[in-house]
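Chains P and C are the protein sequences, given in the same order.
For the first sequence, counting from 1, position 361 maps to 361 in our numbering; every step adds exactly one.
For the second sequence, counting from 1, position 29 maps to 29 in our numbering; every step adds exactly one.
Treat the hints with care, as some may be off.
[As the list claims (entries may be wrong)] Derived DEER-like restraints, expressed as beta-carbon distance ranges:
no. : chain 1 : residue 1 : chain 2 : residue 2 : range
1   : C       : Glu152    : P       : Val118    : 38 to 46 angstroms
2   : C       : Gly139    : P       : Asp302    : 43 to 51 angstroms
3   : P       : Gly138    : C       : Lys193    : 39 to 47 angstroms
4   : C       : Pro213    : P       : Ala26     : 53 to 61 angstroms
Hints are computed from structural coordinates only; laboratory data are not their basis.
The beta carbon of each residue, even a glycine, is placed where N, CA and C say it ideally should be.
Below are the chains, spelled out letter by letter.
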Amino acid sequence: MKKRKHDGIRGFLPVRAAKSWLAGDAFVKLTPLLWGVGYIRRRQFVKGFLAILFEVVVVMFSISYGFPNIAKFGTLGTVRRETVYNPATMKNEVNQYDNSFLILLFGLVGLIVLAVAVIILMRIVAEARELQQKSEQGAHISTFREDIRELLNQKFHITLLSLPSLGIIVFTIIPLIFMILVAFTNYDQQHMAPTELFTWVGLDNFKRLFNNSLSETFGYSFGKVLGWTLVWAFFATFTCYFGGIALSLMINNKRTRVKKLWRTLFVICIAVPQFVSLLLVRNFFADTGIVNTFCSNVGITDFLKSIGLVGAYLDHIPFLTEAGWAKFMIILINFWIGVPYLMLIATGVLMNIPTEYYESAKIDGANALQTFNRITMPFMLSVTGPYLITSFIANINNFNVIYLLTQDVYFTMDTKLAASNAKDIDLLVTWLYRLTNDYYNYKMASVIGILVFIVCAVFTLLAFNYTFRKGREGRFQ
Amino acid sequence: MKKNPAPVDPALIVKKRHVNPRLLTGDIVRHLVLALLAAIWLVPIVWLICTSFSAYEGRNILRFFPENWTLSNYARLFSDTDSVSNFPAWFTNTFIVACFTCVISTLFVLMVAYAMSCMRFRGRRALMNTGVLLGLFPGFLTMICIYYILKELKLTDTHAGLILVYAGSSGLGYLIAKGFFDTISRSMIDAAKLDGASEAEVFWKVILPLSKPIIVYTVISAFLMPWMDFIFSNIIIKSRLSGDWTVAVGLYNMLHKSSVNTYFSRFCAGGVLVSIPISVLFVIMQKFYVESVTGGSVKG
C-alpha cells in the first residue's frame with residue numbers, strides 16, 4: 001500500500017499545527033475560526049460539514065456546561081442550597097445553589113472536552129495545510145467515499161476502537177479521574193451534595209492515614225486492614241494453587257479411572273454462582289447453623305473448648321463471628337471455591353507437557369518425586385507464572401468471598417477499627433465498599449482506592465520484573 | 001491446539017493382570033482420597049438441592065436432609081410474588097440485561113482484540129499499557145461516580161443503566177480474545193490481502209469464521225456476567241420494589257435477617273433454578289477457560 005503523504009512531515013502536533021497555520025493560505029488561517037473551511041475550499045464538503053458540526057457541539061457544550069463549571073472548579077461552589085420563602089408566589093423556593101458534585105464532574109468533563117477539541121483542531125489545521133499543498137501540486141485529493149474506504153482498510157483500527165474507547169473513557173477513565181480528585185476534597189456524609197458544599201483540602205485525607213490518635217483511627221485501621229489483605233492474598237493464592245495442582249495430578253494420574261467424572265464433580269461446585277454458594281455456606285456455618293448443631297452433638301465443640309480454641313462462655317463454634325476463626329474459615333471456604341478452577345487450569349497445562357521429557361527422565365532412572373520437582377513443577381510455573389501474578393492481584397481485590405460471607409454476620413470487637421468503620425476481616429476493597437455504600441465517606445474511600453492501586457502496581461512491577469529478568473519464560477519453548 | 005493425551009501403552013494393558021501390589025494400594029488410596037474430597041466438595045451443593053425440596057420454610061438447623069419433601073418451594077417461587085420475593089420479574093430483568101450485555105460486549109471485545117492483535121498502528125503499545133494500568137484500580141471504585149452520573153440521567157434502577165455498566169467498558173477485557181487471534185497464522189491474512197481483501201473483510205471473512213471457540217467463550221462469559229455479578233447490581237439498584245431487582249440482588253435480600261426464616265427454602269429453590277442454566281453454559285465454556293488462562297504460551 002502507498003504510504004500516506006504527510007507521513008514525512010510527522011512531528012510534534014502543536015509545532016506542526018503552528019507551522020501549518022503560519023505557512024497556510026487564507027483558508028488555513030481561517031480554519032481555527034470555522035473548522036471546516038479548509039476542507040470545503042478543497043471540495044471535501046462532507047468532511048467540512050462534519051468539522052463545523054463538531055465545532056458547534058463543542059462550543060455549545062462549553063458555553064452551557066463547560067465554562068461555568070470550570071470557572072467554579074477552584075472552589076467547587078460557594079452558594080449553599082437554601083429554601084427561601086418567596087412572598088410573590090407564596091411558596092418556599094430553592095435558591096440558585098452550587099452543586100459541588102456536578103461542578104467537579106462537569107468541570108472535569110469540560111476540561112477533557114476542551115483538550116480533545118484542541119487536539120482535533122490542531123489536526124484539522126495541519127490537514128488543511130496539506131490539502132492546500134496537494135491542490136497546489138495538482139495531486140489527487142481524496143473524495144469522501146475514499147476516506148470511508150480507508151476507514152475500513154488502513155485505518156480500520158480507528159473504526160474498531162472508537163466505540164469501545166468511548167465506553168472506556170465514559171465508564172472507566174472519567175469516573176476514575178473523578179474519584180482520584182475526590183481524594184483531595186472533603187466529600188463525605190457531612191458534605192453531601194447537593195444539600196451541602198464540599199471543597200478542596202489538599203493532602204489532608206492522606207495525612208489522616210498516618211494519624212493514630214483516640215479520635216482518628218484511620219492510621220491504625222489502615223495498617224491492620226492492609227496487613228490482613230496481604231496475608232489473605234498470599235494464602236488465598238498459594239493454597240488454591242498447590243491444592244489445585246495436587247488434585248489435578250491425582251485425577252490425571254495414568255491409572256485413575258473415570259477421570260471425566262471426577263473433574264465434573266468438582267466443576268459443579270464452581271458452576272453455582274458465587275452469591276448463591278457463598279450465602280449458602282454462610283448459613284451452613286452460622287452460629288445457630290447446621291454445622292454447629294452437628295459439632296455440639298458429636299462433641300467437637302466441647303473438645304475445642306477444652307483445648308482453648310473456643311471461648312468457655314460460648315455454646316457454639318464462632319465460625320464466622322470471631323476474628324481468628326473467621327479468617328481461617330474465609331481462607332478455607334475460598335480454598336473450596338478456588339481449587340476446582342486451578343484443577344481445570346493445571347489439567348490443561350499438564351496435558352501439554354511434552355511426553356518426551358517424562359520418557360527421558362524414566363530412562364535416566366528418575367523417581368516420581370524427582371520427575372515432579374524437575375519437570376512438572378518448573379513447566380507449571382513457567383506457564384502459569386503470569387496467572388499467579390494476576391491471581392494475587394485479583395485476590396487483593398477479592399470482594400465476593402469476604403463480603404458475602406461476613407456482611408451482616410461479623411461485628412468487630414475492636415473499637416478503634418469500628419471508629420473508622422473497618423472490621424478485622426476486611427480487605428481494603430470491602431472496607432472501601434462499605435465506606436461508600438453504607439457510610440458515604442467518599443473522600444477516605446478514594447484515598448484507599450488510590451492506595452490499592454499503588455499496592456497492586458508495586459506487586460505487578462516486582463513480579464514482572466522478576467519473571468523477565470530471569471528470562472524464565474523461554475525455558476520450555 | 002491441544003495435544004491428545006498419550007495413547008495407552010499396550011504393554012500396560014497386558015500387564016494389568018499381574019499388577020504390582022504397591023501400585024495397587026496406591027490406586028486404591030488415590031481413588032478413596034478422590035471420593036472423599038469430592039464428597040466434601042459436594043456437601044454444600046447437596047444441601048442446597050435438598051433444602052430446596054424441604055417443606056420447612058426456614059433454616060432447618062437440626063437435620064441435613066429435610067423431614068418432608070415437597071415441590072411447593074418451586075411453585076411458590078413463581079406463584080407468590082410479594083415485597084421480598086418476585087422471582088419471575090428478577091429472572092426476566094436479568095435475562096434482558098444479559099442479552100443486551102452479551103451482544104454489546106462481544107462486539108466490543110472482538111473489535112478491540114482484532115485491532116490489537118492483527119493490526120499495527122501508532123499508539124498500539126501505549127493503549128495496551130493504559131489498559132493494564134486501568135485494570136489495577138479496584139473495579140468498583142468508579143461505581144460511586146457512575147451511580148451518580150446514571151442518577152443524573154435517570155437511569156438508576158433501569159435495565160439500560162445496568163447494561164451500560166456491564167457493557168460500557170467491556171472493551172478492556174480483550175486480552176483473552178487477543179491471545180487467540182495471535183495464534184491464527186499470519187500467512188492466511190497476508191494471502192487474503194494479496195487477493196485484494198480490505199482489513200474489514202479480513203476481520204469478517206477470515207478471522208471471525210476461524211475463531212468460533214473464542215466467540216463462544218466471549219458470548220457465554222458476557223452473558224453470564226449479569227447472572228453472576230452481585231456487587232455492581234447492588235450499587236445501581238437501590239429500588240425498594242422487589243420487581244426492579246435482578247436475581248443476585250433479590251436472592252441476597254431474601255436472606256436478610258428479617259426474612260431468612262420464611263424464605264430460606266425458597267432461596268435454595270431459586271439458587272438451584274439459576275444454577276442449572278449457568279452450569280450448562282459454564283461446562284461448555286470451561287474448555288475455553290483453560291485455554292484462555294494458559295494462553296498463547298501453550299501451543300500443542
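Verification of the supplied hints:
1. One distance hint, 38 to 46 angstroms for the beta-carbon pair Glu152(C) and Val118(P), is violated here, with the actual separation near 26 angstroms.
2. Distance hint for Gly139(C) and Asp302(P): a CB-CB separation of about 45 angstroms, consistent with the stated range 43 to 51 angstroms.
3. At about 31 angstroms, the beta-carbon gap between Gly138(P) and Lys193(C) misses the expected band of 39 to 47 angstroms.
4. Pro213(C) and Ala26(P) have their C-beta atoms about 58 angstroms apart, which keeps the hinted 53 to 61 angstroms range intact.
Hints 1 and 3 from the earlier list are contradicted by this structure; the remaining hints agree with it.
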